[in-house]
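> First residue of the sequence shown? That's 43 in the working numbering, and the numbers climb one at a time after it.
Hints may be right or wrong, so weigh each one.
To be verified - DSS-like mimics (lysine-lysine), calculated; alpha carbons at most 27 Å apart, straight line:
no.	residue 1	residue 2
1	K59	K119
2	K59	K86
3	K119	K86
Unchecked claim - Now the in silico label distances, taken between C-beta atoms and shown as ranges:
no.	residue 1	residue 2	range
4	G71	K119	18 to 26 Å
5	W70	M98	15 to 23 Å
6	L68	T116	12 to 20 Å
Because the hints were derived from the structure by calculation, they are not lab data.
Virtual Cβ for every residue (Gly too), placed ideally from N, Cα, C.
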Amino acid sequence: MYNPLFSSMMLALEAQKVIELRLVRLAWGGREGSAEMQSMVTEKVYASFEAFSTMMQGGSPETIIARYREHVATNTKRLSAA
Numbered sequence: 043m044y045n046p047l048f049s050s051m052m053l054a055l056e057a058q059k060v061i062e063l064r065l066v067r068l069a070w071g072g073r074e075g076s077a078e079m080q081s082m083v084t085e086k087v088y089a090s091f092e093a094f095s096t097m098m099q100g101g102s103p104e105t106i107i108a109r110y111r112e113h114v115a116t117n118t119k120r121l122s123a124a
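Work the whole structure out from these sequences, hints included.
Given below as structure tokens:
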């Protein structure tokens with residue numbers, strides 16, 4: 043059985059790691075910090091359009107949360123590797 047509260051809580055916990063890694067990258071500044079800042083804004087805009095599109099096509103909030111968790115996992119992997 044699917045528990046949306048659990049998925050939402052997991053998303054919040056997983057997002058904290060991305061926030062931490064991004065703040066470190068931004069604090070270092072330079073070209074990488076600037077690129078991360080631009081990437082962060084672009085990703086947020088794209089994710090909001092994606093979520094809106096999913097809802098307009100009849101998608102469920104669970105689908106959106108699962109997709110956000112995929113984005114968070116990708117960002118964690120990308121930021122941890124550098």
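> Provide an ascending list of the numbers of those earlier hints which the structure does not satisfy.
5
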